[in-house]
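Please arrange chain B on chain A, whose structure you already have, making use of the hints.
The listed protein sequences correspond, in order, to chains A and B.
The working numbering numbers the first residue of the first sequence as 1 and each following residue consecutively.
The working numbering numbers the first residue of the second sequence as 1 and each following residue consecutively.
Please note that the accuracy of each hint is not assured.
[Stated by the list, open to error] With a Cα cut of at most 20 Å, we get these calculated SDA-like pairs of lysine to any residue:
#1 B:K54 with B:V128
#2 A:K56 with B:S251
#3 B:K85 with B:N36
#4 A:K55 with B:P152
#5 B:K292 with B:A100
#6 A:K150 with B:D250
#7 A:K55 with B:T149
#8 A:K156 with B:L176
#9 A:K55 with B:K85
#10 B:K143 with A:F100
#11 A:K150 with B:T149
Because the hints were derived from the structure by calculation, they are not lab data.
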Amino acid sequence: MKSIKYVLLAAIVLSMYACSNTPTIAELTNPKAALPSSFNFDQLGLKAITTFVNKKQGTTSTLYGNPLALKTAIAGTNQIVAGEVFALVTWKQQTDAHWFGANIPGNLQQVEVVKSTPTIEKPLAVSYARYEGKGLTLNSDTLNNQDRIKYILSQKPAIMP
Amino acid sequence: MNNPRKTFFSKRTILFFTCLLIIFIIIQFIRPEIKNPPVTGDLQAPAEVKTILKQACYDCHSNETQLRWFDQISPLNWRVAQHIKEGRKVLNFSEWGNLAAGDQKAKLWEAVNQIQEGAMPLKDYEMVHTSAKISANQLTTLKNYLLGTVKPSVYNDTSKINAADKQYKKWQDNQLSPDNLPVALNGITYIPDYKNWQPLSTSERFDNNTMRIIFGNDIAVKAVKNNNIHPWPNGTIFAKVAWAQIVDKDSTIHTGAFLQVEYMIKDDKKYASTGGWGFARFKTPKMVPYGKTALFANECMNCHRPMKNEDFVFTLPIKH
Chain A
1 MKSIKYVLLA AIVLSMYACS NTPTIAELTN PKAALPSSFN FDQLGLKAIT TFVNKKQGTT
61 STLYGNPLAL KTAIAGTNQI VAGEVFALVT WKQQTDAHWF GANIPGNLQQ VEVVKSTPTI
121 EKPLAVSYAR YEGKGLTLNS DTLNNQDRIK YILSQKPAIM P
Chain B
1 MNNPRKTFFS KRTILFFTCL LIIFIIIQFI RPEIKNPPVT GDLQAPAEVK TILKQACYDC
61 HSNETQLRWF DQISPLNWRV AQHIKEGRKV LNFSEWGNLA AGDQKAKLWE AVNQIQEGAM
121 PLKDYEMVHT SAKISANQLT TLKNYLLGTV KPSVYNDTSK INAADKQYKK WQDNQLSPDN
181 LPVALNGITY IPDYKNWQPL STSERFDNNT MRIIFGNDIA VKAVKNNNIH PWPNGTIFAK
241 VAWAQIVDKD STIHTGAFLQ VEYMIKDDKK YASTGGWGFA RFKTPKMVPY GKTALFANEC
301 MNCHRPMKNE DFVFTLPIKH
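The shape of chain A in the complex, shown without the other chains (with noise of 0.2 Å):
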């Protein structure tokens, strides 16, 4: 009976050990820089154009691109064509637990969205669309549009040989 008591103590002891020793998922990944899958982001298919962060508003960008996208922005014309689409993934700063030296994506801020269509009335039409916050929300104020498409047209690729 004492033998079987001691090896219940020894297996709970050793499974304490077990699991404090395992890092969760949550504790493995990024979970409050992530996209809601409901975005689908995934789906667009997009490649990474480059990365940038801006120290005045302690935030990080991704912007990624299509492969038209992507094409115009290294040949670096300025003439966006139909069927570019990119998207700017942008997210609060935070520091990296595993590296002193090092900030990485926080808190998800937002996700914006550039396409280039033909439409009936014009060859060539661009929406842009912002989703805000951890849900990524559309937020229909179209106030600083134009400036934004501007600002996301004009980053420069980074350079991947």
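Same frame as chain A, now just chain B:
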């Protein structure tokens, strides 16, 4: 007159312990030589920083090793000698002058990170050398010292802008990629497809003024999606790309010249000796393999070892 004690210390027991004692005495003559070679160029740092490093690191990471009496008893001293030999090879504050300025900086940040993660000082060393334990306050002192050495990238740094522009023009003309695929000394070939993978995270490194994207191949991205990253599945590949920093007039930091791409390839059998990961680093757009011998991967492992519980991965992937 049968004394129960007599049966307790049986002849066999006495013989056993006598043998043990004789062996113990004999092995005292098998002593590794622990020498203190001359100090050629000691680390220069403020006194409060130096005091902490001397007390916590110098026994194994300098030529000023101070052995306590218990360090000199065999077989303990065999382990002590091994620690010192390996410690000095990785980091030696007494031969600090031999390192390039950039390497000195990187070593110090790595050292403080190893302390922060609890990987250094080694736990068994710390247990017997209690004075080597680094307190939270002492760690703060070390971190503040490093923060004081940071030189943030500045606006209009023409040499950085020119270096980036030069690369960029070649890149636009498809002249930047290497003609063949360079191979690292451990047999890992440069993988040009990294740029078509998905970013798992990004990093602004103020310790060495770089910008980084950590890409993951399809297996890695799927593993993140399915919460299957402990351990990461075989076939996972990460590519961490580093660029110099270029600051615009609005204090936004952009990517500058391409500096290097580093890979981690998961194969728990092939790379069993390095935590199941194959490491490689290719520098400059020519993708020059890093390392003088195939043992360079030990260097990678030394830095990644504190992340053992995280399958040796620093990056916290972002679900997209």
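Verification of the hints:
1. B:K54 with B:V128: With a Cα-Cα distance of about 16 Å, the restraint between K54 (chain B) and V128 (chain B) holds, given a limit of 20 Å.
2. A:K56 with B:S251: holds (7 Å)
3. B:K85 with B:N36: holds (11 Å)
4. A:K55 with B:P152: holds (11 Å)
5. B:K292 with B:A100: At roughly 16 Å apart (the allowed maximum being 20 Å), A100 (chain B) and K292 (chain B) satisfy the hint.
6. A:K150 with B:D250: holds (16 Å)
7. A:K55 with B:T149: Distance ~19 Å between K55 (chain A) and T149 (chain B) Cα, so the pair holds.
8. A:K156 with B:L176: holds (17 Å)
9. A:K55 with B:K85: Measuring from Cα to Cα gives roughly 44 Å; hence the hint is violated.
10. B:K143 with A:F100: holds (8 Å)
11. A:K150 with B:T149: violated (37 Å)
When each numbered hint is compared with the structure, violations occur for hints 9 and 11.
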